[in-house]
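**Student:** The primary structure of each chain is shown beneath.
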Amino acid sequence: MSTRIETRFKACATEGRAALVTFVTAGDPDFDTSLALLKALPAAGADIIEFGVPFTDPMADGPAIQAAGLRALAAGQTLAKTLAMVKTFREGDNTTPVVLMGYYNPVYVYGVERFLNDAKAAGVDGLVVVDLPPEEDEELCLPALAAGLDFIRLATPTTDDKRLPAVLKHTAGFVYYVSITGITGMAQADPTAVGTAVTRIKRHTALPVAVGFGVKTPESAAAIAANADGVVVGSALIDALRATLDSENRATPATLPAVTDLVGRLADAVRGVRRQAAE
Amino acid sequence: MNAPNSFRTGPDDNGHFGLFGGRFVAETLMPLILDLETAYNEAKADPAYKAEMDAGLKHYVGRPSPLYYAERLTEHLRAGAAPGMGAKIYFKREELNHTGSHKVNNVLGQILLARRMGKKRIIAETGAGQHGVATATLCARYGLECVVYMGAVDVARQAPNVFRMKMLGASVVPVQSGSKTLKDAMNEALRDWVTNVSDTFYCIGTVAGPHPYPAMVRDFQSIIGTETREQMLEMEGRLPDSLIACIGGGSNAMGLFHPFLDDPSVRIFGVEAAGHGIPSGQHAASLTGGRPGVLHGNRTYLLMDGDGQIAEAHSISAGLDYPGIGPEHSWLHDTGRATYISATDDEALAAFQLVAKLEGIIPALEPAHALAKVADLAPTLPEDHLMVVNLSGRGDKDIPQVADILGTSL
Numbered sequence: 001m002s003t004r005i006e007t008r009f010k011a012c013a014t015e016g017r018a019a020l021v022t023f024v025t026a027g028d029p030d031f032d033t034s035l036a037l038l039k040a041l042p043a044a045g046a047d048i049i050e051f052g053v054p055f056t057d058p059m060a061d062g063p064a065i066q067a068a069g070l071r072a073l074a075a076g077q078t079l080a081k082t083l084a085m086v087k088t089f090r091e092g093d094n095t096t097p098v099v100l101m102g103y104y105n106p107v108y109v110y111g112v113e114r115f116l117n118d119a120k121a122a123g124v125d126g127l128v129v130v131d132l133p134p135e136e137d138e139e140l141c142l143p144a145l146a147a148g149l150d151f152i153r154l155a156t157p158t159t160d161d162k163r164l165p166a167v168l169k170h171t172a173g174f175v176y177y178v179s180i181t182g183i184t185g186m187a188q189a190d191p192t193a194v195g196t197a198v199t200r201i202k203r204h205t206a207l208p209v210a211v212g213f214g215v216k217t218p219e220s221a222a223a224i225a226a227n228a229d230g231v232v233v234g235s236a237l238i239d240a241l242r243a244t245l246d247s248e249n250r251a252t253p254a255t256l257p258a259v260t261d262l263v264g265r266l267a268d269a270v271r272g273v274r275r276q277a278a279e
Numbered sequence: 001m002n003a004p005n006s007f008r009t010g011p012d013d014n015g016h017f018g019l020f021g022g023r024f025v026a027e028t029l030m031p032l033i034l035d036l037e038t039a040y041n042e043a044k045a046d047p048a049y050k051a052e053m054d055a056g057l058k059h060y061v062g063r064p065s066p067l068y069y070a071e072r073l074t075e076h077l078r079a080g081a082a083p084g085m086g087a088k089i090y091f092k093r094e095e096l097n098h099t100g101s102h103k104v105n106n107v108l109g110q111i112l113l114a115r116r117m118g119k120k121r122i123i124a125e126t127g128a129g130q131h132g133v134a135t136a137t138l139c140a141r142y143g144l145e146c147v148v149y150m151g152a153v154d155v156a157r158q159a160p161n162v163f164r165m166k167m168l169g170a171s172v173v174p175v176q177s178g179s180k181t182l183k184d185a186m187n188e189a190l191r192d193w194v195t196n197v198s199d200t201f202y203c204i205g206t207v208a209g210p211h212p213y214p215a216m217v218r219d220f221q222s223i224i225g226t227e228t229r230e231q232m233l234e235m236e237g238r239l240p241d242s243l244i245a246c247i248g249g250g251s252n253a254m255g256l257f258h259p260f261l262d263d264p265s266v267r268i269f270g271v272e273a274a275g276h277g278i279p280s281g282q283h284a285a286s287l288t289g290g291r292p293g294v295l296h297g298n299r300t301y302l303l304m305d306g307d308g309q310i311a312e313a314h315s316i317s318a319g320l321d322y323p324g325i326g327p328e329h330s331w332l333h334d335t336g337r338a339t340y341i342s343a344t345d346d347e348a349l350a351a352f353q354l355v356a357k358l359e360g361i362i363p364a365l366e367p368a369h370a371l372a373k374v375a376d377l378a379p380t381l382p383e384d385h386l387m388v389v390n391l392s393g394r395g396d397k398d399i400p401q402v403a404d405i406l407g408t409s410l
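Protein chains in written order, with this note's numbering: chain A, 1 to 279; chain B, 1 to 410.
Among the hints, erroneous ones may be present.
Which residues of chain B face chain A? A partial, calculated answer using Cβ under 10 Å [as the list claims (entries may be wrong)]:
id, residue
1, N14
2, Y49
3, E52
4, M53
5, S177
6, N196
7, R291
8, H296
9, G297
10, M304
11, I310
Below are the DMTMM-like pairs computed for lysine to aspartate or glutamate, each with C-alpha atoms no more than 20 Å apart in a straight line [unchecked claim]:
id, chain 1, residue 1, chain 2, residue 2
12, A, K120, A, D161
13, A, K81, B, D35
14, A, K162, B, D35
15, B, K180, B, D305
16, B, K120, B, D192
17, A, K169, A, E135
18, B, K120, B, D199
19, A, K216, A, D261
20, A, K162, B, D305
Simulated from the structure, these hints should not be mistaken for lab results.
Please read all numbers here as calculations on a predicted model, not as lab measurements.
Virtual Cβ for every residue (Gly too), placed ideally from N, Cα, C.
Could you build the full structure based on these sequences and the hints that come with them?
**Tutor:** The following block contains the structure:
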């Protein structure tokens, strides 16, 4: 049986285009707004949803996602609530893949086995855990694969050809190529360098390759979409969300439309780039 | 847990001390820490590197640091003890090192390693500023660019060290994120390293972070215990009976403890910062008040909430104000080889003043925590008990803060 992630990448490939992967932080700026946003993302044009698990100390994230996590935590977000949101989302959408992205400590403290059971039951499809390199596969990667959840690994510009096989070995679902050396939302990805890197990774794997960190605008998303199976946009959506909040970081009527409008423009940009249809 | 045959063989090849340690970092950093491990292992085996270290420790740092019999403190504590009681107290004088603390031992080792690796830009995190000052100092000495990340709260309470670092040519970046203290400075340093992978060496100041840092920093700091061992044998003809040191991340303590871990007669005490008291929740005692978790590249005891969110530590001492602890300490705690206790802000402040008056030595607020527990423990031990406390830093940097607390305007 195909997973939701496989099915979605295949569908996009059949349409001759890259998938748009959108990142928002769970619980930002509050539970209800975030849940409404989660539900609205597929219709706005998101093909795959990355749902950020807030953490106090996100060492790979730039200011936008750091602040989003702190807003969510201040509003009372927990990993249990994040799983509950996915569960509610699944009641109305059984096809859009949902990938949880974050750091290991909240999962470790929740309990790996309990987390995998609950995540699977909630309808989570995959995990991106920034601080679990292949050297720590026994922690969560292997148990997740055994539980039927994709463990999506990050490959980076510092991952050379010698290391790449180890990075890809237990990767499932897709490969997340980090297009810059740096933190989320800061530098702008160079489409040419990204194209070369994606080609390099594809020599080692049949999995789709999505590209993120440093994709900010519909134009840059389109440029990346020409060379990748997926384009991940996160900080730019968070920035759009933040710009609509009131002085006490509360959602306003403009919050939801601001994010879904940008998702729509990103989706149009990504869909406007024709790629060679893959089998 | 069964006691291992040796407490000195860790970590394993993956950087684990039992459950603790490891390499919990983003993929971008993995190749860098693997390179660092290789470079460190090569350097360790190279007599030229050792010769350069030895020369630097002797002529630039000023080692060996004295082991000093604190006679008046000993007598003072015996006066309040039962007859025949009151341990003989020695200070390991790390505050006499160049830059005023033990931090320079580690920084020298890492900077010489950075030079071997051809790295031109050094980054560091700092809490009290002692590691930042030591890093800025060695960068000045070797003509390297130096960027120090320091929580904005710490920048305010450790102004003398901020000025020192700037005098030495370093850029000091006040970190405004999170709790604006040491943990956030470390986050920001890691973000810098992820961004500047090709030319930058991250000089971590304590026995924490991803493997190989906890073992490497321990190795560099073990000079403290190695010297103490020789000096005590020379002065008293035998090993000390107990060792005691303060713990934030735990590098001064690990440096003193490690050479004695396989001497079962030597009791080992680590002193965490209890802040306003453990029950208040406002403290920095990760072992006493925390649970195992994963932060800053390693698994260790952490202060956190039920959702795995890291708590803000509190201590009067910026150098101890960290919600984690080096992974090897967590392992020594779980195996029972070392005993971890804690001292409050008030106890440390009292010890700070007591030692200044009795010994003419103004300790930093960090070792003042260890001194506070010396004052508790020594009277319960016999007069022939030899106790070594690591006087890991001098208190000059704390003068403005202590004056403020005591209501004196400078």
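**Student:** Confirm or reject each hint.
**Tutor:** Hints versus structure:
1. N14: holds, 6 Å
2. Y49: Hint violated; Y49(B) Cβ to chain A Cβ min 26 Å, cut 10 Å.
3. E52: violated, 29 Å
4. M53: violated, 29 Å
5. S177: holds, 6 Å
6. N196: Holds, about 8 Å.
7. R291: Given a least distance of 8 Å, the restraint on R291(B) holds.
8. H296: holds, 7 Å
9. G297: Status holds, d = 7 Å.
10. M304: holds, 7 Å
11. I310: holds, 4 Å
12. K120(A) <-> D161(A): This hinted pair is violated, its Cα atoms lying about 33 Å apart.
13. K81(A) <-> D35(B): violated, 40 Å
14. K162(A) <-> D35(B): Holds, at roughly 13 Å.
15. K180(B) <-> D305(B): Distance of about 18 Å is within 20 Å: holds.
16. K120(B) <-> D192(B): Measuring from Cα to Cα gives roughly 14 Å; hence the hint holds.
17. K169(A) <-> E135(A): Status holds; Cα separation ~11 Å.
18. K120(B) <-> D199(B): Holds - the C-alpha atoms of D199(B) and K120(B) are around 6 Å apart, at most 20 Å.
19. K216(A) <-> D261(A): holds, 14 Å
20. K162(A) <-> D305(B): Roughly 40 Å between the alpha carbons, so the hint for K162(A) and D305(B) is violated.
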